[in-house]
Amino acid sequence: MTPEQARNVIDEAISQIAPDADLGSLAPDADLRDALELDSLDFLNLVESLSQRTGRRIDEDDYPQLATMASAVKFLTAR
Amino acid sequence: MPALGADMDEGTLLEWLVKPGDEIRKGDIIAVVDTSKSAIEVESFHTGTIERLIVGVGETVPVGTVLATIAEQAAAAAPAAAAAPAAPVGPPEAAGPPEPQRARKRPAREPAARAKQRRQPVITSGKAQPAAASPLVRHLAEELRVDIATVQGTGPGGTITRADVQRAAIAGAGVAEPVTLPPQPGVAVTAAQPTPARPTVPVTARQPVTPLARRIAAELGIDVSKLTGSGSRGAVREADVRMAATARAPTQAPAQEREQAMRQAIGRLMARSKREIPHYYLSNTVDMTAAMDWLHQRNRELEVTERLVPAALLLKATALAARQVPQLNGYWEDDRFAPGDAVHLGVAISLRGGGLLTPAIHDAAELAPGELMAQLRDLVNRARGGRLRRAELTEATITVTNLGDQGVESVFGVIYPPQVALVGIGKIIERPVAVGGLVGARPVVITTLSADHRASDGYAGARYLAAVSDLLQRPEEL
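Just so you know, the protein sequences line up as chains A and B, in that order. Position 26 of the first sequence, counted from 1, bears residue number 26 in this note's numbering, the numbering being contiguous throughout. Position 395 of the second sequence, counted from 1, bears residue number 474 in this note's numbering, the numbering being contiguous throughout.
Note that these hints are calculated values from the structure, not bench results. Quick caveat: nothing in here was measured; it's all calculated off a predicted structure. Careful: at least some of the hints might be erroneous.
[As the list claims (entries may be wrong)] So the derived label-pair ranges between C-beta atoms look like this: (1) Thr307/B <-> Ala27/A: 53 to 63 angstroms; (2) Gln52/A <-> Gly106/B: 54 to 64 angstroms; (3) Pro418/B <-> Glu4/A: 24 to 34 angstroms; (4) Gly515/B <-> Glu4/A: 47 to 57 angstroms; (5) Ser71/A <-> Gln403/B: 35 to 45 angstroms; (6) Ala70/A <-> Ala340/B: 39 to 49 angstroms.
[To be verified] Partial selection, computed: residues in chain A whose CB lies under 8 angstroms from chain B: (7) Ala18; (8) Asp20; (9) Leu41; (10) Leu44; (11) Val47; (12) Glu48; (13) Ile58; (14) Asp62.
Just so you know, even glycine gets a beta-carbon here, dropped at the ideal spot from N, CA and C.
Please take these sequences and the hints and turn them into a complete structure.
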């Protein structure tokens, strides 16, 4: 998966959970939970959506790597 | 229009999911109603055949208004002219004896046990009602704008006949309209239909406007002088104002108005809570080490869809503790405490556009954490994006607000009347804790209780928070 593909997948997943989110103005290192006002259930939905879209298992131990857009892109392109 | 929550006085019919002639069962979702807070699915309280849809799409009507009539099954097979009991679709309130207008503003919620008792007369057909009338007679009454609850029946067993209604219409023609429009429970009279039988008169300076209509017109920005009154002597009634408002805005209210209406609804309810309920507040710091360890261990083995968040365990513990301390689970109504029939856990859910909803997870104390988690996710998704069901918004017996995700350490909430307790959950944070003389970093959460001092004392409240803490020390038993 290229960084562009990863970014698209994340954008799609977030749009599904927070349709009003302004992804264009989201800083790469901003905390997704804070910036998008995601609660723990939203975050779980995000993890579920990313897992479905990429076909990969995302464990609880991986959650910290999904904290920001930059780290999430890195995580999804790493393997 | 069934009760849609303690802060809901009216609803707008968004969609009918049934049509006349459809067979429906008790509990089937038959309509979608829009309130200032959410679109709500309304179920039928009866089994039978849809006879008439009375309230049209886009109409806004007060709680208690009959939405549709349902012919019960035995009657449906009878000839059309037979005295088929027509059961109104609506809450128990809609079928009880007439009540003054102000009664609508009382807490719409009531314990299920009482609801069942009151519902009974409706289910057991028209016989139990003081004034039974066939659908055709009810239809006639509607056309003639006769309040059937006031008609003296002369048929067998006090049944109201066509002649009774016609007599009442003639007698009522010269009588001044009541000042307010009574809810007319159990009667298939729609608030907003034109009156073919009684000519309407354009309003002039001398023609009356009921005080309620005037007030609502002012609220909705409707010019009453431009309305056609449907009351006697052309009086402009509430229904006329609402019809004009509906005609002006037939679909869902724009987001801004909606947000404002929601703030007003929340404001009214919370102000009432603080005005009427003598709150007392307690808090407790709970060691979450065992719960978090158990949770991580469990989640490690599971797919994302089956994983639990800490909130699921906290909710389960609050529900079980409510069962252990029943003084906190129920309602304060008519100057006394009425315990809940089970623990229906209201969960405060913030909406993305602002505002909040507190739908209930039914029988939460009976659910395994996994089931409770699934229901919580479903409820949150539907509250934010889809539709809630009427029962979810009216049947909570105790409510939990969890602001931990927002970084708050402790929250002392405002009780949702007529409930008597609200549990607050803060953020789970690592704190230095002394255990066995040694200080170590442990995850802790501050749980709080806001409780109604009329229903319980601090001792019961303290027992409750201690029970929550104890339960969380044995997560495998939750």
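Here is what the structure says about each hint:
The given range of 53 to 63 angstroms is respected by Thr307/B and Ala27/A, whose C-beta atoms sit roughly 58 angstroms from each other. Checked against the given bound of 54 to 64 angstroms, the beta carbons of Gln52/A and Gly106/B, roughly 33 angstroms apart, lie outside it. At roughly 59 angstroms, the beta carbons of Pro418/B and Glu4/A sit outside the given window of 24 to 34 angstroms. Taken as a hint, the range 47 to 57 angstroms holds for the pair Gly515/B and Glu4/A, whose Cβ atoms sit roughly 54 angstroms apart.
Checked against the hint of 35 to 45 angstroms, the C-beta distance between Ser71/A and Gln403/B comes to roughly 43 angstroms, which is consistent with it. For Ala70/A paired with Ala340/B, a C-beta distance near 40 angstroms keeps the hint of 39 to 49 angstroms intact. The beta carbon of Ala18/A is positioned within 8 angstroms of a beta carbon in chain B (closest approach about 7 angstroms), and the interface hint is therefore held. The closest approach between the C-beta of Asp20/A and any C-beta of chain B is roughly 6 angstroms, which is under the 8 angstroms cut-off, so the hint is satisfied.
With a least beta-carbon distance of about 5 angstroms to chain B, the hint placing Leu41/A at the interface is held under the 8 angstroms criterion. A distance limit of 8 angstroms between C-beta atoms decides the matter here; for Leu44/A the minimum to chain B is near 6 angstroms, and the interface restraint holds. Annotation: interface hint on Val47/A holds; nearest CB of chain B at approximately 5 angstroms, less than 8 angstroms. A cut of 8 angstroms between beta carbons decides the hint on Glu48/A: the least distance to chain B is about 4 angstroms, and the hint holds.
Hint status for Ile58/A: holds, given a least beta-carbon distance of 7 angstroms to chain B, under 8 angstroms. Hint status for Asp62/A relative to chain B: violated, with the closest Cβ pair at about 11 angstroms, above 8 angstroms.
Against the hints set out earlier in the document, violations occur for numbers 2, 3 and 14.
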